[in-house]
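Participant: Keeping their order, the protein sequence lines are chains A and B.
This note's numbering puts the first residue of the first sequence at 1, with every later residue one more than the last.
This note's numbering puts the first residue of the second sequence at 1001, with every later residue one more than the last.
Simulated from the structure, these hints should not be mistaken for laboratory data.
Fair warning: there could be bad hints in the mix.
[What the hints assert, rightly or not] Selected chain A positions facing chain B (in silico; Cβ < 10 Å):
(1) Val2
(2) Phe5
(3) Glu49
(4) Glu53
(5) Ala63
(6) Gly66
(7) Ser73
(8) Ser105
(9) Gln189
Just so you know, even glycine gets a beta-carbon here, dropped at the ideal spot from N, CA and C.
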Amino acid sequence: MVPSFLKSSLGRKYAMGFTGLLLVGFVLGHLAGNLLIFQGPEALNGYAEFLEEAGHGMAVWIARTGLLAIFVSHLVLAFQLRRENNRARQVGYDQESALVSNWASRHMFLTGLVILVFVIYHICHFTLGVTDTSAEWRVRLEGKNRPHYVDVYAMVTKGFQDPRVSLFYCFCQILLGLHIWHGASSWFQSLGINRSAWRRSTSWVGPILALVVIVGNCAIPISVMGGLGMSHGAPSHLGQIPALTLKESEKQRDLKNSMGGGAEKTGGFSIPKE
Amino acid sequence: MKLNLKIWRQKSTTDKGHFEQHPIDGVIPEMSFLEMLDVLNDTLSAAGKENIAFDHDCREGICGSCSMVINGVAHGPTRGTTCQTYMRNFRDGQTIVIEPFRATAFPVLCDLVVDRSAFDRIQQAGGFVSVNVGGAPEGNSVPISKVNADLAMDAAQCIGCGACVAACKNASAMLFVAAKVGHLRLLPQGEPEAKDRVKKMVAQMDSEGFGNCTNQYECEAVCPKEIRADFISLLNREYLGASVFPRPM
């Protein structure tokens, strides 16, 4: 199925570079979407709704499947290349020196592993919502066109109010940035695009994209820690979406009741369905 | 100059090897690094001890024989081969760690001598131009652009010393193969076999057990002939082209 040249050392570097390029594209698109949080709840929730509904709800699953395939390929190749590279020098030097390479380029595997851990946590945190079972944002809104709806704005702002979570996110974004620092310049070389006159210019692509990703993604948890979304009370903002009425899921209510909480503990979200 | 040398000793490929300390006195700053080792070997011989084995031949920086890693840098602290490294680049009383080139594809034969015949096999796989015998063609009958001639000469400077492999954190031979592929690809004589050549040389490189390029350019930083990593991009491009479009139609 895989062309034989893609199994060679160079072929796998092409695959590494190309999947990396697509993943950087995703990271940038994801960042652009995330930054809608600064436009307010409607913008972010509207964007989330758009993503979930695009192509009759199919687009998001096609994108997720593609992303997973790309991510897993990038990961499998990383492990393969790492194993081969270790095998290529079994006895190391007593004195190691790096004349021109930077920290980021020498620690791609390490930063990659941290990103893997982060991605798993991030999906558990925001996509699956399993890290915070008591969360009030998990209230489902019943709309005209949709069976359910998550208040993404509330979810994000509440999630980042925990300093440990925010700190972990910022730390991982810095490592993601360092990974991109080397990676996003590297694919120009791996795919044979670099020419003598261009290498200096293409070497800036990685650092610039890295800074964009670090600054952009860290701005969100930092802003939340600094008070963004604190005033985001559910009734006021939900009041701005007249088409929607609120319904707490049965499971949520059971959970809260079992935790000894009554209706009053569900706060502003417990507007009974008419 | 007084120096403290920490030198790798290894009897054979199968021997485990170890470091040995050798204090040396009376080193003159004008000595080359290899002359300093000659002096040390004289004292070892006089004491009835085994000489330190190291590769050397022309001692004028053109053969690529001398191969050692000095204080973590292939060929030592200055640009150029080990034989062109002079003791004035070291401080009096300094400890100098001398190791062989480390790569699975370059097994240590003895002390600082490594077997670099993997490079020869890569070269034999495709690093040549087939020429028909017969009368020599008229010298100026094949036009070559100035740009290509210059670039080909840049790549042709490669002396196959293996410093690129030694310096690469993955022991990758990409700069060597890139120089050979680039040199022949840029000249009209190399054009007919270009696609076949790049595929065969890369296949041989892979089978020799070299690592993969991670674009850190440590190879470029130590290359005594200052071959640029731009040739690696050219190699990547050539291999991709030869693999995706092996035929013109």
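Participant: Taking the hints in turn, state whether each one holds.
Facilitator: Going down the list of hints, with the structure as the test:
no.: 1; hint: Val2; verdict: violated, 12 Å
no.: 2; hint: Phe5; verdict: holds, 4 Å
no.: 3; hint: Glu49; verdict: violated, 41 Å
no.: 4; hint: Glu53; verdict: violated, 39 Å
no.: 5; hint: Ala63; verdict: violated, 27 Å
no.: 6; hint: Gly66; verdict: violated, 22 Å
no.: 7; hint: Ser73; verdict: violated, 16 Å
no.: 8; hint: Ser105; verdict: holds, 5 Å
no.: 9; hint: Gln189; verdict: holds, 4 Å
The structure is inconsistent with the numbered hints 1, 3, 4, 5, 6 and 7, although it conforms to all the rest.
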